[in-house]
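**Student:** The chain contents come next:
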Amino acid sequence: MSQTAQSQNLPAAVKERSPFISALVDFWKAFRKNKPAIIGAVIVFFFILLAVFANIIAPQGINNQNINIRLEPPSAQHWLGTDSFGRDIFSRIVFGARLSLRVGFFAVIGSIIFGTFLGVIAGYFGKVIDTVISRFFDILLAFPSILLSIAIVSILGPSLNNALVAIAIVNIPVFGRLVRSRVLTVKEEEYIMAARSIGMGNTRIIFNHILPNSFAPIIVQGTLNIATAILDAAGLGFLGMGAQPPQPEWGTMLSDSRQYITDAPWTVLFPGLAIILVVIGFNLMGDGLRDALDPRMKN
Amino acid sequence: MSEPLLKVENLKKYYPIKNGVLGRVSETVRAVDGVSFSVNEGETLGIVGESGCGKSTTGRMIMRLIEPTEGKVSFEGKNILSLSKSDLRRVRKDIQMIFQDPFASLNPRQTVGKIIEEPMIVHGMGNHKERKQRVEELLELVGLSAYHAKRYPHQFSGGQRQRIGIARALAVRPKLIIADEPVSALDVSVQSQVLNLLQDLQKKFHLTYIFIAHDLSVVRHISNRVGVMYLGKMVEISDSEILYDHPKHPYTKALLSAVPIPDPNSRSERIILSGDVPSPAHPPAGCTFHDRCPVAMDLCAREKPVMKKLEDGRLVSCHLYD
Amino acid sequence: MLSYSIKRVLMLIPVLLGMTLIVFAIIHAIPGNPALTILGTKATPEAIQNLNRSLGLDQPWYIQYFTYLKHILSGDLGTSIQTNTPIANQIWPHLAATIELSFVAMIIAVVVGINAGIISAWKKNSVLDYTAMIVALIGVSMPIFWLGLLEQWAFSVKLNWLPSIGRMDIISNVQPITNLYLIDTLLEGQLDQFWMVLRHLILPSIALATIPTAIIARMTRSSMLEVLKSDYIRTAKAKGQRMFWIVYKYALKNAFIPILTVIGLQTGLLLGGAILTETIFGWPGIGLYIYNAIQYRDYPVIQSGILVIAFIFVMVNFIVDLLYGLIDPRIKYR
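Protein chains in written order, with the UniProt record's numbering: chain F, 1 to 299; chain W, 1 to 322; chain H, 1 to 334.
Worth flagging that the hints you see were computed from the coordinates, not collected in a lab. No false leads were slipped in.
Which stretches of chain H does chain F cover? Using the computed rule of at least three CB atoms under 8 Å from a CB of chain F, they are:
no. : segment
1   : 136-142
2   : 149-155
3   : 267-279
4   : 284-294
5   : 300-314
We put the beta carbon where it would ideally sit given N, CA and C, even for glycine.
Chain F with its partners taken away, still in its complex shape (with noise of 0.2 Å):
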């Protein structure tokens, strides 16, 4: 009877490579024939050394003040120039980097855990549960993202960490929809009723069979939604419902700015330059991320 497996046995060059090492191989092989992916990870990158280094690389603290060297223009010693203040924009856009990537990481962290949550409750066992869950990501996407931001931090007060909370509530439905959906398909597999046959628990089920097998999507989605909790955060900033003065976020660097644009554009120019690079590097990345790990999300 075990004659058969041997006479079946497989190619060697599979058999050497540890599974997990050759999904990993797989997954570089397709990441890396995608250029523009490549050179949003390097943005990227290079956002989270600016970030992490921040104290090394800028020249300046963030709140170094001197009323003698107001508005100036971009030199050697101040390679942005200088804001209202004094300050050093190369400085505090370095330092900025920090606040933005916190928010953008943190939120959508905060997202996830709470859409997957519903998300899966909602897929998994239906019925009315999936019904309220359902209509309640409804509601919550029936305002514009930015509006309900701001009602939430006009709630909780106007600074940066309460944007960061109205940021990622307000993209928990985001996350929500994508596992529900997720959570059916895979709920139909026949694995999936294989567990239950061996008697399987559903927190078991759940955890060990469905969330593994909706991981990509979610990471696809994740990295995509830094960049707009990004944005949001700027524009929060900007409107005086995130990150106050003298913070170096970046939106909150435009708005205190905006008025000094026609004598000093450059304190306007490279804190949205700023943003923009970031943003488009989180959005190469993940586009990137989608058609190597997902092919069928590709639009």
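Based on the hints, put chains W and H in the right spot on chain F.
**Tutor:** Here is chains W and H on its own, set in the frame of chain F:
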């Protein structure tokens, strides 16, 4: 004869079809419509029928993977349908299932070792080391090798994957295995290997099988008894020797005539059934088979036949044998 | 189709109710006593109690909610703390300004976006395609308030081509009839005023249109690429039809559904983006109305402003959903 291991009585599954704005039930699909049979310890019961006849649904209802609309399923004297969730999980340890599609029934993101180990974790069997040991034993048992445990399902052929599915089913030392078309997705050459494996394992561990298949030839040499289903109903059930040699129900005869016979001298007439299987939402009145039956009588269109026991011990549901 | 429409209407009700509940909850979750906010810190306890009673704030929350709901249904959107006038009377001019701005922005987005997408798909992998897609990428990644500031700087301050603030010149007075000034000036037959209003619209509507344009362009390109690969396009080509006609007639017809979806979704972005755009361009729309209310902590205005925008957004998506059913009979409810 002692009490059977599994007894299924009048099992039904109806699916309502809702329509319109208010969700009125406009019609009902009778996927399984009053099926009864029993399985004795150590034997193999084959259940045969065309696709859509409700045989897989029946198999799944026994484990309550699909909740039955009505009926009774007794396993070792306990009614499975009235068990609490935790009791049900305990019973699922004794009843395991092998699925038709070895590509779909294994989680692509788990290693083979993990797949086979998981039932043991769920039922709290052994510690990590013991379980690992057992995974290796099981792999050898089903004709694979211990080192296969570290691989993922996609690295195996269809036949090998079905062996993995069998190892997973065996992991918790079940008494009854429901095999839902375990070989129909496989190449013919691999089919007999898997069938032989199942028979060897049955002898070794004194297993009881319910073997679901869509054609009679596959079931023939593995089953002690065979039941034939048509449109959610059991039409004939008997010892396989008797059934294969002298089929009584016209539908069984038709199915059997479609099985190729390796003897060129035997010239049995092939019975071609006219028409398609009717929709289970609109089963014909009377005997559900009457509109395709070559020997239908007036009575058949009017009255539903009931199961009758013939002298040779077989049960058949047909007006011919009233 | 009829059953689909009825279902869609029935689904609308819980969403609208939920919206009012959320807006109601937001105002009630705001820390601090509204009476204190209205009367100021020097108010006597009796005055506060009286105001609480007259505002119904001494009732349990669900009674308050039903009262609130009753008011909304009767068209009462509350009273502005800042101006002490009914919000319902103030809101239409603001709303009209926003609708005018959003509508022009949407036209720009659809015309530019769809054409850019079609050309990109048609001339796939050409320099034109790459340029369009890079511009689109920058477009979706851009903070629109920043773009607005740069526009003002370049076209108003430096070049002095276009006005940068408001809906019209300070000295002119357009007679509000519908409050949609483009229409009002035409009704009055004042073409010079029409031209003046249009000039005021250019900069803010371009800023507002940027993100939707970029998204529509990307979406059109990818759905066009799908369609261009299909058999009936190949057949049309084989029959010797001119590529220009094939692309615009056949392909666009089939790519319309995904594009319609995006347009529906972009309305939300436009209405949300309006608050940023209007703040920068001093555009007296509902976004600026809410923004000013935030500065004054005029909570009834914030509440009703948000509610009105959300209501419009939901209704636009409702209409888009109904259009699906009309355009593509294959689409069934869920």
